[in-house]
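**Q** Sequence:
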Amino acid sequence: LLTHSVTQWVPQGVLGIWDTCPETLKFRLSGFPRKHNEGRIEVFYKGEWGTICDDDFSLANAHVLCRQLGFVSATGWAHSAKYGKGTGKIWLDNVQCSGSERSVSVCKSRGWGNSDCTHDEDAGVICKDERLPGYVDSNVIEVLVDENKVEEVRLRPVFTIATKRMPVTEGVVEVKNKDGWAQICDNGWTPKNSRVVCGMMGFPHEKKVNKNFYKLYAERQKNHFLVHSVACLGTEVHLAACPLEFNYGNATESCPGGMPAVVSCVPGPLYAQSTAMRKKLKMQSTVRLKGGAKYGEGRVEVLKGSEWGTICDDRWNLLSASVVCRELGFGSAKEALTGARMGQGLGPIYMNEVQCTGHERSLWNCRYKNITTEDCKHTEDASLRCNVPYMVELPLTPHPWLCPAQVRILGGRSRYEGRVEVLRTETNGTLRWGLICGEGWGTEEAMVVCRQLGLGYANHGLQETWYWDSSNVTEMVMSGVKCTGDEMSLSQCQHHRTVNCQKAAARFSAGVICSETASDLVLNAPLVQQTTYIEDRPLHMLYCAAEEDCLSKSAAKANWPYGHRRLLRFSSQIHNIGRADFRPKAGRHSWVWHACHGHYHSMDIFTHYDLMSANGTKVAEGHKASFCLEDTDCDEGVSKRYECANFGEQGITVGCWDLYRHDIDCQWIDITDVKPGNYILQVVINPNYEVAESDFTNNAMKCNCKYDGHRIWVHNCHIGDAFSEEAEKKFEKYPGQFNNQIS
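Residue 355 in UniProt numbering is what sits at position 355 of the sequence shown, and the numbering runs on without skipping anything.
In case anyone wonders, no lab produced these hints; they're calculated from the structure.
Across the chosen pairs, the derived CB separations fall in these ranges: (1) K729 x K369: 31 to 39 Å; (2) L132 x T427: 54 to 62 Å; (3) N177 x K729: 50 to 58 Å; (4) K640 x D375: 22 to 30 Å; (5) R415 x I605: 29 to 37 Å; (6) F246 x T484: 44 to 52 Å; (7) R641 x G347: 20 to 28 Å; (8) S285 x V72: 34 to 42 Å; (9) H224 x T484: 41 to 49 Å; (10) P687 x N177: 52 to 60 Å; (11) N177 x M488: 26 to 34 Å; (12) A505 x T427: 18 to 26 Å.
Only pairs whose alpha carbons sit at most 16 Å apart, straight line, appear in this in silico EDC-like list of lysine to aspartate or glutamate: (13) K85 x D120; (14) K89 x D116; (15) K377 x D635; (16) K82 x D120; (17) K553 x E621; (18) K128 x E636; (19) K377 x E353.
These figures come from a predicted structure and were not determined experimentally. Note that beta-carbon positions come from the ideal geometry of N, C-alpha and C, so glycine has one too.
Sequences and hints are given; from them, build the entire structure.
**A** And the structure:
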């Protein structure tokens with residue numbers, strides 16, 4: 001993947017596919033315009049990329065090639081260089097496969113490199129947009145750089161004060177090749193070059209450098225100039241994508257009248273010292289990233305009017321992705337991802353075929369097409385990963401409670417799990433690894449650790465880790481850790497000033513299980529609005545509901561079995577739009593049997609139902625235990641996996657939904673004691689964060705409602721983060737309905 005240290009790169013507009021076949025062959029899709037599952041087929045053989053001629057090409061050939069690309073099958077193929085003409089070798093001609101071969105290399109052909117075709121006859125394939133089981137799909141559109149030119153780029157600070165600041169925003173530009181680190185001559189160096197370097201380092205903008213500070217330093221140093229000149233356009237995402245002139249003679253004397261190139265970058269608001277800068281970004285941005293595990297990655301969403309929506313991945317590339325990254329205060333784009341790689345969005349899809357030059361200040365300034373209903377689905381939502389500043393935290397402080405963590409996890413079955421250990425500084429200045437007390441440790445804390453270590457999402461936050469005893473570290477050095485889940489590192493979370501742990505044995509230390517994918521549950525807000533009604537239900541029909549605590553407290557004082565309770569009923573349709581199945585935290589060996597209703601509860605509290613006054617005070621509440629998490633129905637092409645019948649496995653598959661109908665027990669709020677008035681109906685899924693998700697901000701749904709003592713009117717139902725901040729404030733300050741006419 002495209003990082004500062006990676007040496008494998010593929011052309012802009014090209015989907016990099018790693019080797020999946022028995023031979024040392026690689027395959028990729030390229031060309032333009034195309035989607036991530038189609039394109040000109042290219043083969044890497046004997047150190048060189050080449051194409052395949054369309055003579056005798058067939059759907060059977062396409063099936064074999066699509067499987068080697070990691071897709072389940074082909075839906076079509078293209079001839080006559082539909083995706084543009086390739087370059088270099090035409091490796092195969094007159095290919096004839098039966099369709100069952102494991103590799104195109106065993107199909108009949110004229111042999112490698114034997115062809116009478118031109119690139120006007122380059123073949124293309126259209127693969128079914130479904131991955132082979134176990135295939136890790138990157139859906140990455142990357143960029144061409146020459147690995148022989150530049151492997152890594154860094155900013156090396158030269159002044160003492162700069163070396164102690166993180167992130168490093170200013171310094172000498174150095175490049176690494178096979179011989180080590182070297183400098184770039186600054187003769188002809190332009191702000192466009194600086195923009196590219198800053199983008200690589202994770203910064204949105206460059207600024208002018210006072211070169212006088214560096215001249216004296218440069219005169220005292222023996223410099224090795226690898227690069228004589230650089231001529232970037234300013235839109236490149238890597239310095240090696242710019243035209244470079246290398247020094248092949250005496251590199252120490254090849255910068256006459258010049259000095260090593262120095263760059264100074266402007267950090268984005270998230271990495272700035274000023275809190276005012278952070279607030280500025282939050283208030284002004286019309287683009288956001290959702291569903292990513294780390295800062296600087298996620299599904300791209302744009303604000304139009306007062307509602308957020310997604311963009312389609314047609315023609316999505318690194319230039320457009322970089323505009324988004326810089327707009328949000330990060331560097332240039334590291335990856336442009338297609339096919340809802342960061343999960344599917346909700347609501348409208350606003351933009352299609354976005355085409356940016358790379359100089360735009362906002363994605364809305366780029367060329368794009370408006371969406372028609374048949375153009376795109378949320379399975380084509382575009383996402384990205386940005387270059388972000390390198391943040392290393394050094395435990396320099398002598399106060400243990402202030403010490404930033406350099407966290408590590410040890411003892412797990414893989415690098416994605418283990419006991420959490422933190423490095424702290426003792427009062428005498430020595431460094432020592434220690435454990436974190438497991439009391440109160442949960443999903444939010446695990447989310448921060450997994451993010452800090454670059455291990456994706458948190459699957460579980462564990463309070464006991466006796467089964468991961470692989471370290472000689474035994475002392476608790478941190479306790480009372482409490483995170484919101486949004487922090488970049490554990491050092492930003494609250495914790496006790498001095499260790500206070502009731503269970504201080506090492507077996508009770510905190511642990512995590514991380515994952516590259518996670519589920520994401522959202523409620524169908526329009527269905528709640530359509531199905532809400534009031535029922536007066538006789539008490540003699542509510543014994544089981546009372547046993548499961550589904551009625552308000554006043555029900556205990558009622559004259560059972562006479563009388564009734566007034567119930568606000570509605571249906572809940574809960575979709576999993578993430579990239580992993582939603583499974584109960586507890587295994588079925590620990591599910592609780594409820595004899596009255598005759599079913600097991602896999603989660604005691606799956607959803608909260610609240611009726612609130614305008615000031616946020618709860619006037620009535622309810623909850624729903626997950627007596628049955630199953631796939632009620634699924635999107636087209638997705639198969640059901642979970643069914644509750646016969647003590648079956650419970651969960652919600654990606655692309656499926658679980659429906660709790662309005663007419664089942666506890667699917668209500670008991671409003672018997674509620675007075676007429678204007679209220680807010682709120683439903684929160686997975687309220688206790690028992691199961692990890694990629695995005696918790698869309699777990700809440702709110703509606704305005706008016707209750708006149710006999711009937712109820714519900715309107716304006718929406719997912720918690722679907723509106724702009726301004727629209728959400730208007731919703732919260734809503735004065736209420738003065739009549740029953742709701743437009």
